[in-house]
Every structure is written in C-alpha cells, then in structure tokens.
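UniProt numbering puts the first residue of the sequence shown at 1, with every later residue one more than the last.
Source of the hints: derived by calculation from the structure; they are not laboratory data.
Simulated restraints, written as ranges between beta carbons of each label pair:
| # | residue 1 | residue 2 | range |
| --- | --- | --- | --- |
| 1 | E171 | G67 | 16 to 22 Å |
| 2 | R162 | A230 | 15 to 21 Å |
| 3 | P7 | R192 | 29 to 35 Å |
| 4 | P62 | R162 | 25 to 31 Å |
| 5 | Y197 | A92 | 40 to 46 Å |
| 6 | P123 | G34 | 16 to 22 Å |
| 7 | L38 | R66 | 15 to 21 Å |
Straight-line C-alpha distance at most 25 Å; calculated SDA-like pairs for lysine to any residue:
| # | residue 1 | residue 2 |
| --- | --- | --- |
| 8 | K28 | E120 |
| 9 | K28 | A128 |
| 10 | K14 | V49 |
| 11 | K14 | E250 |
| 12 | K14 | P201 |
| 13 | K14 | S29 |
| 14 | K14 | T180 |
| 15 | K28 | Y89 |
| 16 | K14 | P146 |
| 17 | K14 | R138 |
| 18 | K28 | I117 |
C-beta atoms are modelled at their ideal positions from N, C-alpha and C, and glycine is treated no differently.
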Amino acid sequence: MIEILSPTELHRAKQAGALVARILQTLKSRSVVGTNLLDIDRWAETMIVEAGAVSCYVDYAPSFGRGPFGHYICTSVNDAVLHGLPHDYTLADGDLLSLDLAVSTDGIVADSAISFIVGESKPPQSVAMISATERALRAGIAAAGPGARIGDISHAIGSTLREAGYPVNTEFGGHGVGSTMHQDPHVSNTGRPGRGYRLRPGLLLALEPWVMADTAELVTDDDGWTLRSATGCRTAHSEHTIAITRDGAEILTLPEHAHS
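Construct the complete structure from the given sequences, taking the supplied hints into account.
In structure tokens:
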C-alpha cells in the first residue's frame with residue numbers, strides 16, 4: 001500500500017519528525033563512555049511517553065524478526081548495523097553507535113537514524129564511513145521530488161556509496177511511511193534512474209543509506225534481531241523521513257539547529 005497524505009496528515013507528520021529528531025539528538029548528547037544501551041532505551045521510552053507519542057518498535061513483529069522487538073529504539077554498535085536490540089552493554093571510547101528511532105504522533109509515523117562515535121577517539125575510517133552515508137542521504141533527498149522516480153533516489157544513493165568505496169547491500173533499504181512504519185514503495189540503496197514508482201506530493205519516504213566497511217553480507221545475532229557485518233567490520237547508518245512537496249522534498253526529521 002502506498003499512502004498519499006493530506007495537508008492535515010502532513011502537519012502531524014512534521015510533528016512526529018520534530019519529535020524523532022529531538023529525541024535522537026538528546027540521546028546522542030547522553031551517549032558517552034560508560035553509558036549502557038539499556039539506559040538509552042529507557043530514556044527513549046520516557047521521552048516518547050512524555051510526548052504522548054507511540055513507539056513503532058515495542059510491538060513490532062515482522063517476518064524477519066523473532067517475536068515483538070520489545071524495546072523503544074534500535075542501538076547498533078560497531079559491527080551491528082540494523083535492528084540492534086538494546087542489551088546490557090556499556091559504551092567504550094571510540095565505539096561507533098547507530099540509533100534508529102520511529103514513533104507515531106496522532107497516527108502518523110516518522111523514522112530516522114544517526115551514527116556517531118562515542119568519546120574522544122575518532123577512528124578515521126569510521127568517520128569516513130559515517131560521512132559517506134550522510135552524503136548518500138543528501139544525494140537521495142536531492143534526487144527526490146514530484147515526477148521523479150524511486151530509481152532516481154536509489155541510483156543517487158548507490159552511486160555515492162560506491163564512489164566512496166563501499167559495497168551495497170540490497171536486502172534492507174528505505175521505505176514509504178504514513179499511518180504505519182513500513183510501507184510501499186521500497187527504496188533500495190542502489191538502482192537504475194528513471195525506473196519505479198513516480199513520486200507525488202504528499203508521499204512520505206524514509207531514506208536510509210547504510211554500509212559495512214568491507215562486505216555486503218549480513219549475519220543475524222542469536223537475539224533474532226540484530227544484524228551485523230559478516231566479517232566483523234564496522235558499519236554506519238543514516239536516515240531521514242522526507243515529504244514529497246510540489247517543489248521538491250522536505251526533510252521532516254532534521255534537528256532544530258540544522259534548520260538555520
């Protein structure tokens with residue numbers, strides 16, 4: 001199903017996006033050396049509940065997972081890249097942490113992810129990988145607009161990631177959002193321009209470039225959720241929810257300080 005949002009629904013989507021951005025930036029500021037992933041999950045729960053929003057993850061039980069996710073945020077560390085199940089782990093200096101959050105406000109969902117390095121140590125290869133996913137995200141957004149096609153976005157993302165030297169996995173990618181977290185159309189992180197669904201004003205998309213340093217192969221943890229690089233290499237993940245407008249694309253999950 002592909003949903004096209006009304007102006008009223010789009011207003012609610014903007015509220016959801018602002019909340020997601022605010023929570024992620026707060027959690028980033030609190031994620032320091034010595035922070036436990038379970039604390040991050042509890043902080044996310046508190047902020048979601050206090051905002052009167054609804055978590056998209058707690059009861060999330062897709063075919064590829066093992067039962068309900070049961071937590072409020074995905075916390076993926078180092079070689080973990082997607083669906084990181086919060087567990088009893090204390091962050092160390094130089095850890096690469098990806099936080100992925102989706103919430104619903106008044107029935108409309110926004111979804112975003114950020115990757116960053118904890119502490120003072122900044123391994124150059126990790127910095128470069130995070131930067132590549134952020135550039136790919138910007139390229140995908142720049143390719144989005146009314147009349148463009150999904151393949152245009154996928155091509156822009158994939159070209160940027162490959163130019164940076166990373167293999168691209170196509171099992172998981174971006175997706176439509178609206179009244180639920182995962183909808184059609186699927187947005188692969190590589191593709192051919194001019195192909196696929198034609199974008200229309202009112203469409204919400206979550207674009208999410210993610211890479212692993214030296215492989216495109218994933219393995220699943222024993223927890224049934226956390227996806228890691230098959231080689232144990234580090235990973236990075238960046239995601240925004242965007243709304244297709246008459247003029248182009250509007251980022252709904254941009255942090256407040258980034259608007260200026």
